[in-house]
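Undergrad: Just need the whole structure built from these sequences, with the hints factored in.
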Amino acid sequence: MISITCTHCSATLTMDEAFAGGVCRCQHCGTIQTVPAAGKAKSGHSGAGATTVQQKALYQRRGRAATDAGSGLDELADIVASSGLSGSGLTSGRLKQPQSRGYAGPHGELVAGQTGSGSMMPLLIGGGAVIALLVVVILWLIMTGGKPTTSADSSAVDSGSGETANVAVSNGKSGINPSFLGIPLNANVIYVLDRGSSTESMFGYLKEATYRSLESLGPNRKIQIIYWDNGAGSGPAPFPALMTYATKENIAAIQRSAEDIFAFGQTDAKSALELAIKQKPDAIVIATGKGWDLDDSFVTMVEETRKGAPSAKIHTVSLGAGGESKALKQVARKAGGEYREVSEADLRKYAQ
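Heads up: the sequence shown begins at 1 in this note's numbering, then just goes up one per residue.
Quick caveat, the hints were computed from the structure, so don't treat them as lab data.
A quick note: this is a predicted structure, and the numbers were derived from the prediction, not measured.
Treat the hints with care, since some could be wrong.
Said to hold, decoys possible - In silico BS3-like pairs for lysine-lysine, Cα to Cα no more than 30 Å straight-line:
| no. | residue 1 | residue 2 |
| --- | --- | --- |
| 1 | K313 | K270 |
| 2 | K307 | K334 |
| 3 | K278 | K326 |
| 4 | K334 | K278 |
| 5 | K349 | K307 |
| 6 | K326 | K313 |
| 7 | K280 | K270 |
| 8 | K313 | K278 |
| 9 | K248 | K313 |
| 10 | K278 | K329 |
| 11 | K307 | K222 |
TA: Quick look at the structure:
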């Protein structure tokens with residue numbers, strides 16, 4: 001144990017040798033003074049097991065005359081002394097390394113205080129965590145190019161048969177799933193479209209939806225649109241005359257040349273389908289607004305015609321509110337294709 005004498009009130013303070021070299025505060029008068037180092041304490045060791053050493057006061061509480069109003073500096077000094085900051089240089093001309101501070105307990109023992117560096121540790125840890133998080137975010141933005149990774153844009157619509165299909169967005173970019181009215185298309189394809197009176201009310205939407213499908217195919221696939229013969233004497237109307245690649249320029253040319261195509265009259269699909277089969281495409285799409293009116297004779301005609309290109313898949317679409325078309329469904333099943341029912345409202349969505 002170490003015993004020291006207060007430099008102000010001469011009270012004896014006793015504390016453990018573990019606090020040698022630090023500072024303490026007198027529990028009687030508040031004077032803060034140094035605790036002798038271990039070496040100095042041993043030099044004055046007495047037979048009683050304690051050493052009494054006179055120390056230098058770092059701060060001594062001063063009395064004031066009753067008539068002295070004061071400037072407030074003494075009160076400030078008292079506050080500093082009681083807060084344990086007197087070793088920070090306010091009363092010393094030297095800058096010191098952080099050291100353990102304490103105060104004398106009820107029995108004169110030294111109670112350790114918290115060092116300044118310890119009180120800053122939570123702030124340092126928190127600041128380090130924030131910096132690390134920012135570094136991770138910056139690296140992630142650099143690696144991803146600052147843009148979120150998304151799949152091909154699509155919107156879900158009801159096909160009319162209780163199924164939900166994805167509509168490919170018509171931005172002309174590669175990577176978008178090619179399709180037509182919800183039917184996936186990953187091949188050279190010919191669209192055989194009805195232009196009769198049964199399709200008249202939605203013919204404009206049908207044309208636009210077809211153009212959106214052309215754009216989704218990409219420039220490496222071949223395309224053609226053939227409109228059914230409507231009995232006007234011109235026969236089927238192909239655009240272009242032969243299959244061509246689905247480039248932006250070719251699609252724009254098809255749109256311009258088909259501006260004067262309108263829906264009217266009684267139509268027949270046979271001549272248009274024969275023209276499509278001759279070019280041996282990978283897939284054919286048949287879309288009509290009179291699917292409800294087709295019967296087994298239509299199925300037989302398609303089966304006979306497709307013998308010229310038996311490997312071509314034939315997809316069928318029944319447009320409008322006519323309901324299910326058994327003939328179109330049977331054609332798609334026999335030709336390895338898909339069948340869809342698309343209402344006029346849904347067709348409008350595909351045309352956007």
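Undergrad: Now tell me if each hint is right for this structure.
TA: Each hint, compared with the structure:
About 17 Å separates the Cα atoms of K313 and K270, which keeps this hinted pair within 30 Å; it holds. Between K307 and K334 the alpha-carbon distance is near 12 Å, which keeps this suggested pair within the 30 Å criterion. For the hint linking K278 to K326, the alpha-carbon distance of about 26 Å falls within 30 Å, and the restraint holds. Proposed proximity of K334 and K278 is supported: the alpha carbons are some 19 Å apart, at most 30 Å.
For the given pair, K349 sits about 35 Å from K307 by alpha-carbon distance, which is inconsistent with the 30 Å threshold. A C-alpha spacing of about 18 Å is found between K326 and K313, which places the hinted pair at or below 30 Å, so the restraint holds. Annotation: proposed proximity of K280 to K270 holds, straight-line Cα distance about 16 Å (limit 30 Å). In summary, the hint linking K313 to K278 is supported, as the alpha carbons are separated by about 14 Å, within the 30 Å threshold.
About 25 Å separates the Cα atoms of K248 and K313, which keeps this hinted pair within 30 Å; it holds. A hinted pair counts as satisfied when its Cα atoms are at most 30 Å apart, and K278 with K329 qualifies at roughly 23 Å. Straight-line distance between C-alpha atoms of K307 and K222 comes to about 21 Å, which keeps the hinted pair within the 30 Å bound.
Violated hint for the displayed structure: number 5, the only one.
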